[in-house]
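**Student:** Got chain A; can you put chain B on it based on the hints?
Each protein sequence line maps, in turn, to chains A and B.
Residue 256 in my numbering sits at position 256 of the first sequence, and the numbers go up by one each step.
Residue 271 in my numbering sits at position 271 of the second sequence, and the numbers go up by one each step.
Note that these hints are calculated values from the structure, not bench results.
Incorrect hints may have been included.
A short, non-exhaustive set of chain A residues, derived as facing chain B with CB atoms under 7 Å [unchecked claim]:
#, residue
1, M1
2, M21
3, D58
4, I60
5, L142
6, A153
7, A154
8, C155
9, V158
10, H280
11, P332
12, V333
13, I337
Chain B stretches covered by chain A per the calculated footprint, using a threshold of three residues with CB under 8 Å from any CB of chain A [what the hints assert, rightly or not]:
#, region
14, 137-146
15, 297-305
16, 338-352
EDC-like mimics (lysine to aspartate or glutamate), calculated; alpha carbons at most 20 Å apart, straight line [what the hints assert, rightly or not]:
#, chain 1, residue 1, chain 2, residue 2
17, A, K218, B, D346
18, B, K218, A, D346
19, B, K127, A, D346
20, A, K127, B, D346
21, B, K350, A, D346
22, B, K26, A, D157
23, B, K120, A, D346
24, A, K350, B, D330
25, B, K218, B, E187
26, A, K349, B, E261
27, A, K218, B, D340
Every value quoted in this text rests on a predicted model; they were computed, and no experiment measured them.
Glycine included, every Cβ here is placed at the ideal spot set by N, Cα and C.
There are 2 protein chains.
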Amino acid sequence: MKNVQVILWGLGAMGGGIGKMLAKKKGVDIVGGIDIGDKIGKNLYDVVPGIEQGDRPDVIVGTPEDVIKPGAADIVVVCTNSFTKDVYEKLVFVMERGINVITSAEEMAYPQAQEPELAKKLDECAKKNGVTVLGTGINPGLIMDLLVILWTAACEDVNHITSRRVNSLSPFGPAVMEEQGIGISVEDFNKRKAEGTMAGHVGFAESVGMMCEALGWKLDEFGQDMEPIVTDVDRKSPYGFAPAGSVAGVAMKGWGIIDGERKIDMDHPQQIEPEQVGVHTGDYVILDSVPPVNMANNPEIEGGIGTMAMIMNCIPHVINANPGLKTMIDIPVPHAIMGDFRDQIDEEKKLVK
Amino acid sequence: MKNVQVILWGLGAMGGGIGKMLAKKKGVDIVGGIDIGDKIGKNLYDVVPGIEQGDRPDVIVGTPEDVIKPGAADIVVVCTNSFTKDVYEKLVFVMERGINVITSAEEMAYPQAQEPELAKKLDECAKKNGVTVLGTGINPGLIMDLLVILWTAACEDVNHITSRRVNSLSPFGPAVMEEQGIGISVEDFNKRKAEGTMAGHVGFAESVGMMCEALGWKLDEFGQDMEPIVTDVDRKSPYGFAPAGSVAGVAMKGWGIIDGERKIDMDHPQQIEPEQVGVHTGDYVILDSVPPVNMANNPEIEGGIGTMAMIMNCIPHVINANPGLKTMIDIPVPHAIMGDFRDQIDEEKKLVK
Numbered sequence: 001m002k003n004v005q006v007i008l009w010g011l012g013a014m015g016g017g018i019g020k021m022l023a024k025k026k027g028v029d030i031v032g033g034i035d036i037g038d039k040i041g042k043n044l045y046d047v048v049p050g051i052e053q054g055d056r057p058d059v060i061v062g063t064p065e066d067v068i069k070p071g072a073a074d075i076v077v078v079c080t081n082s083f084t085k086d087v088y089e090k091l092v093f094v095m096e097r098g099i100n101v102i103t104s105a106e107e108m109a110y111p112q113a114q115e116p117e118l119a120k121k122l123d124e125c126a127k128k129n130g131v132t133v134l135g136t137g138i139n140p141g142l143i144m145d146l147l148v149i150l151w152t153a154a155c156e157d158v159n160h161i162t163s164r165r166v167n168s169l170s171p172f173g174p175a176v177m178e179e180q181g182i183g184i185s186v187e188d189f190n191k192r193k194a195e196g197t198m199a200g201h202v203g204f205a206e207s208v209g210m211m212c213e214a215l216g217w218k219l220d221e222f223g224q225d226m227e228p229i230v231t232d233v234d235r236k237s238p239y240g241f242a243p244a245g246s247v248a249g250v251a252m253k254g255w256g257i258i259d260g261e262r263k264i265d266m267d268h269p270q271q272i273e274p275e276q277v278g279v280h281t282g283d284y285v286i287l288d289s290v291p292p293v294n295m296a297n298n299p300e301i302e303g304g305i306g307t308m309a310m311i312m313n314c315i316p317h318v319i320n321a322n323p324g325l326k327t328m329i330d331i332p333v334p335h336a337i338m339g340d341f342r343d344q345i346d347e348e349k350k351l352v353k
Numbered sequence: 001m002k003n004v005q006v007i008l009w010g011l012g013a014m015g016g017g018i019g020k021m022l023a024k025k026k027g028v029d030i031v032g033g034i035d036i037g038d039k040i041g042k043n044l045y046d047v048v049p050g051i052e053q054g055d056r057p058d059v060i061v062g063t064p065e066d067v068i069k070p071g072a073a074d075i076v077v078v079c080t081n082s083f084t085k086d087v088y089e090k091l092v093f094v095m096e097r098g099i100n101v102i103t104s105a106e107e108m109a110y111p112q113a114q115e116p117e118l119a120k121k122l123d124e125c126a127k128k129n130g131v132t133v134l135g136t137g138i139n140p141g142l143i144m145d146l147l148v149i150l151w152t153a154a155c156e157d158v159n160h161i162t163s164r165r166v167n168s169l170s171p172f173g174p175a176v177m178e179e180q181g182i183g184i185s186v187e188d189f190n191k192r193k194a195e196g197t198m199a200g201h202v203g204f205a206e207s208v209g210m211m212c213e214a215l216g217w218k219l220d221e222f223g224q225d226m227e228p229i230v231t232d233v234d235r236k237s238p239y240g241f242a243p244a245g246s247v248a249g250v251a252m253k254g255w256g257i258i259d260g261e262r263k264i265d266m267d268h269p270q271q272i273e274p275e276q277v278g279v280h281t282g283d284y285v286i287l288d289s290v291p292p293v294n295m296a297n298n299p300e301i302e303g304g305i306g307t308m309a310m311i312m313n314c315i316p317h318v319i320n321a322n323p324g325l326k327t328m329i330d331i332p333v334p335h336a337i338m339g340d341f342r343d344q345i346d347e348e349k350k351l352v353k
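If we strip away everything but chain A, and leave its shape as in the complex, we get (with noise of 0.2 Å):
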């Protein structure tokens, strides 16, 4: 069997991120590269950091119409945006040329919740064009979702679903502390709230609606809010400072009501050092169910690399799957490949034989 071929669309941080892991993989050949402005022309290997090229052929960055054309590669990796009205075109494009597509943006890991029309077009857009399309990450994807619903396995009945992620944003740079408010008032907070230029997490929608679709409940509604995480005491990190009674993080909460009762519930705070604090860090599960279930992991799982490594991970699932729109719950349980990459690849679905 031919590599596993991939072309990746969007080279930042996740699509260059993921170009890396990819390069250390066996079975797996990065054929294309698109990307927009002054990247465009030049060698992939050179254009993302830390990447090796080893022997392999240059790959040389291009457009959509330069690079994705019917027989070019068996998946697309599309990293570009965060809402599905955004990347919709992009996925379309992919799909139209006979490939599979995968996805990072967020509103991707169920696009049923919030786009229902554009989600029922890309289902009809996919299964017209023999291909599928799927969207992960690892929040929304993987921890405050499917590992969710993995647990209720073992559950007779389920009451009640409390899923918290409680992480660090010390890791991340100028962009995130500014987008996140940190160091900001509590009345600038309130008031770019009120805007809509806070942030926060995307996601809550859709781990919720696809946590509904798997148990089988109906949601009457969806509801989130933001509150900011004021500190009593100064707290620095390598790119953020929030002096004494300033906003150190966003509380981000999530719910869905089932049947009238609030059976779902979401908790993902996030704020710079939390441990200045006393705040330990960490995903959590916790079912008030048939047996009950009390998970924790403690510190949290890497959002950044964790995201790339469940993109790269799913590659083969959505190779392999029936053509249409997929989320997490319809393909089989994902996880990390050590081996060669064909060995996960059904032979018949493989569109570059």
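**Tutor:** Then chain B, alone, in the frame of chain A:
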């Protein structure tokens, strides 16, 4: 769509318990029961303790020949044996009548590990008859294997896996106390171990095999061993007593050698009254990986209900699957079913239309 139609083969603690759970769910009917001896000819709702008949018609327990006929059900649940070789003929009997089958037999969670010839024949039989066969449970099937596999999905690299389940035998009855040698001397333990009459845990070979297949690791060598857990203090559980100096449980260990390195360690100590000596029960997934994972579920998820729930919850996935022998890494992620069973079923794959 007609309700999902289930036949229960084996009405003991496991099969009967699954029946009790199914009787509380929507969109699913128990349409047949099979057992031996004086249960035959009786109403299933009288034979299974605690099951609610409600206004359902009687289900008369019969022989396999009486009950399993083409078109009689969508799936048969076989809970009669632990070993593949003992359950093999029953699985073939079901499949030759064109019906899907799921079993609690521990070795069937990954029969490729210890019975590769039978696994091959089961796969052929399933495909020939257009049906699916799956073995599952909480362990093997979820806690010490599938859950580990899911965590690796967020990893770029996995160097070493520790899969640990520390549980209490206190809830179990006299048969388990006897099987596990509770209260016997170390000398007797070693004698029984040498004779091969110590029960221990069935499933390490299966869990290790499943993890290796998922990750693409070639397993060079699998090993396992058991040691007595000798108590320093008298320990008393409802059905067991281990005086100081005697055996209060069994510590099962297993391992997998991959590329010359011990990359998988399975650790499963089972004992009565662990709390008396400060042992905290729980399920643990510890990955030396990029990024690392350090998961604990405390206390351990209950094995009895957990196994029954896993089997019940996998019924739709087995019906929906393409024909063949499947394991937990081939089907979508399992989960609790809180709504109507029919909402989980692919209409094209339903046998009883």
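**Student:** Give a verdict on every hint.
**Tutor:** Evaluated hints:
Taken as an interface hint, M1 (chain A) does not check out: its beta carbon lies about 14 Å from the nearest beta carbon of chain B, beyond 7 Å. Interface hint at M21 (chain A): satisfied, since its Cβ lies 5 Å from the closest Cβ of chain B, which is below the 7 Å cut-off. About 24 Å separates the beta-carbon of D58 (chain A) from the nearest beta-carbon of chain B, more than 7 Å, and the hint is not met. Given the 7 Å rule on beta carbons, the hint for I60 (chain A) is violated: about 26 Å separates it from the nearest Cβ of chain B.
Satisfaction of the interface hint for L142 (chain A) is found here, the shortest Cβ-Cβ separation to chain B being roughly 6 Å, below the 7 Å cut-off. With its C-beta approaching chain B no nearer than about 4 Å, A153 (chain A) sits inside the 7 Å limit, and its interface hint holds. Given the 7 Å rule on beta carbons, the hint for A154 (chain A) holds: about 4 Å separates it from the nearest Cβ of chain B. Here the hint on C155 (chain A) is kept, as its CB sits about 5 Å from the closest CB of chain B, short of 7 Å.
The interface hint given for V158 (chain A) is met, as the beta carbon of that residue sits about 5 Å from the closest beta carbon of chain B, less than 7 Å. The restraint placing H280 (chain A) at the interface with chain B is violated, with a minimum CB-CB distance near 12 Å, outside the 7 Å limit. Interface restraint check: P332 (chain A) against chain B, minimum CB-CB distance 6 Å, threshold 7 Å, status holds. A hinted interface residue such as V333 (chain A) counts as satisfied when its beta carbon comes closer than 7 Å to some beta carbon of chain B; here the least separation is about 5 Å, so the hint holds.
With a cut of 7 Å, the hint placing I337 (chain A) at the interface with chain B holds, because the nearest CB-to-CB distance is about 6 Å. Under the rule that three or more residues need a Cβ within less than 8 Å of chain A, the assignment of the region 137-146 of chain B holds, with 4 such residues. Only residues whose C-beta sits within less than 8 Å of a C-beta in chain A count toward coverage, and the region 297-305 of chain B has 6 of them, enough to reach three; the restraint holds. Residues of the region 338-352 of chain B with a Cβ under 8 Å from some Cβ of chain A number 5, which satisfies the need for three, so the listed coverage holds.
A C-alpha spacing of about 19 Å is found between K218 (chain A) and D346 (chain B), which places the hinted pair at or below 20 Å, so the restraint holds. Between K218 (chain B) and D346 (chain A) the CA atoms are separated by roughly 19 Å; this keeps the pair inside 20 Å, and the hint holds. Taken as a hint, the K127 (chain B) and D346 (chain A) pair is honoured in the structure, with Cα atoms around 17 Å apart against an allowance of 20 Å. Using a Cα cut-off of 20 Å, the hinted pair K127 (chain A) and D346 (chain B) holds, with the two alpha carbons roughly 17 Å apart.
Proximity of K350 (chain B) to D346 (chain A) is assessed by CA-CA distance (about 25 Å); at most 20 Å being required, the pair is judged violated. For the given pair, K26 (chain B) sits about 13 Å from D157 (chain A) by alpha-carbon distance, which is consistent with the 20 Å threshold. Of the supplied pair hints, the one linking K120 (chain B) and D346 (chain A) holds, its CA atoms being roughly 18 Å apart against a limit of 20 Å. For the suggested pair K350 (chain A) and D330 (chain B), the alpha carbons sit about 17 Å apart, so the restraint of at most 20 Å is met.
Between K218 (chain B) and E187 (chain B) the alpha-carbon distance is near 38 Å, which puts this suggested pair outside the 20 Å criterion. For the suggested pair K349 (chain A) and E261 (chain B), the alpha carbons sit about 34 Å apart, so the restraint of at most 20 Å is broken. Among the hinted pairs, K218 (chain A) with D340 (chain B) is consistent with the structure: their alpha-carbon atoms are about 11 Å apart, no more than 20 Å.
Of the numbered hints stated above, those contradicted by the structure are hints 1, 3, 4, 10, 21, 25 and 26, listed in ascending order.
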